[in-house]
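*Asks:* This is what each chain is made of:
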Amino acid sequence: MTQPASSTQAVYVYEKPVRLWHGLNALAIVALTVTGYLIADPLASVSGEASDHFLMGTIRFVHFAAGYLLAIGLLFRLYWAYAGNEHARQIFLPPLLNRRFWQGVGHEILWYALLVKEPRKYTGHNPLALLAMHFAFVWGTLFMIITGFALYGEGTGQGSWQYALFSSWVLPVFGDSQSLHSWHHLVMWLIVCFVLIHVYVAVREDRLSRQSILSTMATGWRTFKDDKPLDDIHWP
Amino acid sequence: MNETFYDVMRRQGITRRSFLKFCSLTAASLGLSPAFAPKIAQAMETKPRIPVLWLHGLECTCCSESFIRSGHPLAKDVILSMLSLDYDDTIMAAAGHNAEAIVDEIVEKYKGNYILAVEGNPPLAEDGMYCIIGGKPFVEQLKYAAESCKAIISWGSCASWGCVQAAKPNPTRATPVHKVPGLADKPIIKVPGCPPIAEVMTAVVAYLLTFDKLPTLDKQGRPQMFYSQRIHDKCYRRPHFDAGQFVEHWDDEAARQGHCLYKMGCKGPTTYNACSTVRWNEGTSFPIQAGHGCIGCSEDGFWDKGSFYERLTDINQFGIEANADAVGGTAAAVVGAGIAAHAGLTALKRARQSGAEQQ
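Protein chains in written order, with my numbering: chain E, 10 to 245; chain H, 221 to 579.
Don't read these hints as lab results, they were simulated from the structure.
Nothing here was measured: the structure is a model prediction, and the numbers come from that model.
There are no misleading hints in this set.
In silico DSSO-like pairs for lysine-lysine, Cα to Cα no more than 27 Å straight-line: (1) H:Lys331 to H:Lys433; (2) H:Lys399 to H:Lys370; (3) H:Lys363 to H:Lys439; (4) H:Lys329 to H:Lys267; (5) E:Lys130 to H:Lys569; (6) E:Lys126 to H:Lys569; (7) H:Lys439 to H:Lys399; (8) H:Lys370 to H:Lys439; (9) H:Lys569 to E:Lys237; (10) H:Lys569 to E:Lys234; (11) H:Lys267 to H:Lys406; (12) H:Lys433 to H:Lys406.
Whole structure, please, built from the sequences with the hints as guidance.
*Replies:* Take a look at the structure:
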């Protein structure tokens, strides 16, 4: 990877596996949301013989395949948090006990409230983004994977590994299958909200912040718009 | 020494041939291999009949009504030959003090050896005053009988989960058997359903008596042989679901063709029961076959999940009745509007700033 010539202090933040995972993960989430919604609220009925169609079956297949992609992706991403650079583990281990971090969160909130003129400058995620990444995305996705496999295990049945690993304990936690379905559906909306905000702030920050955003997710390199010192170098 | 099942059967004029036929039928209805028929026969020839106390709390008697309509094995076989149903206030001959005395007699005489079958559940509010049996709160009778029983069968959704009398706001604090505080620690078999399928009920009893042990139970305490699959998994309309053919209105062509009732709120995909395989009334039909969706009557809290006719049911945690789409869709709309407003404000501020800089 060559360093873009235009910047004086570019940093290589997102390694290739992380960028690849980001893309596949985004695809999986779109596929899961669309098919998931259609499973709860199916398309208009098809006519003719049942044996001529497999519409719901196909929609469910796409949902399950994308679910596997999401789960295996997250497993890989967890491995990469261990094997990759320090930025790769950032979303899994936010420095919640660091005072400077919370000051950063406060500043970022003021920035989004349009009350301060200048945002701070970060190589990794800004503190507020990190909170959203960790709590909405990481835990939200984990919740969807666990409840998703528990629902899947209901179909594969007792004796399957999905049932043994997930359904057997998740069903009693939620009390019954219907409640489990409802919660799985509800957290889908949380992920939808996350995606909406994620895309909006990525575009906005790309325009207004002091570092590159969109191009960084494409190339991995973070470039900066000024030469002032970074704000996140003191993080663990 | 008590009479054995076989003794009783012979005394009632049942031939050995009929007896062996019955054993084979029972093995088949329990889903066992033919090799088990002789084992059942042997058990019935040698084991004393196990007395059963059948108590009734807050209930509607639909469990009893279902039970007496069992086709395989016939309820009369179960009651008269296999189980000595010593106390069941709905169907026994004795009444009043004589009837109540039987409870004491069984508890004393068969300590640790009788089965306690519970239909309905005890209300705990006001010290149990909402259900009085023989002058005493039902919860006391239940605790007393449970103290020396061998195992408890929770008949139906009332005893298993609470059912309609425990639906919110549950003014009498009707409580399912396994949640009654101070109840003796005995194995509990839940046989949920409103009512449970007759054959499932008699098979559970037959299993207990012939093998002298509990059937394999799942994590929620239900016999695995009948509650390990959802209605949806074995529904004969499943091919229409996979094809994407749904009933959209009660009177449309799809309803006449017998397409999937998913969109009409069928709870088959979330309900664990044997209706789609065992069916009802000697295998005649079951709700979906009759054209109505499953209402999920064997599931915990099915009364409190909102409409029987909607796929996406209510989530009670949100105070007012709301379903996932209402909550989530609103949240997404608010977020979307927020983003638009925020983008507008940002642009406005930028414009002002650059205007100020130019001046």
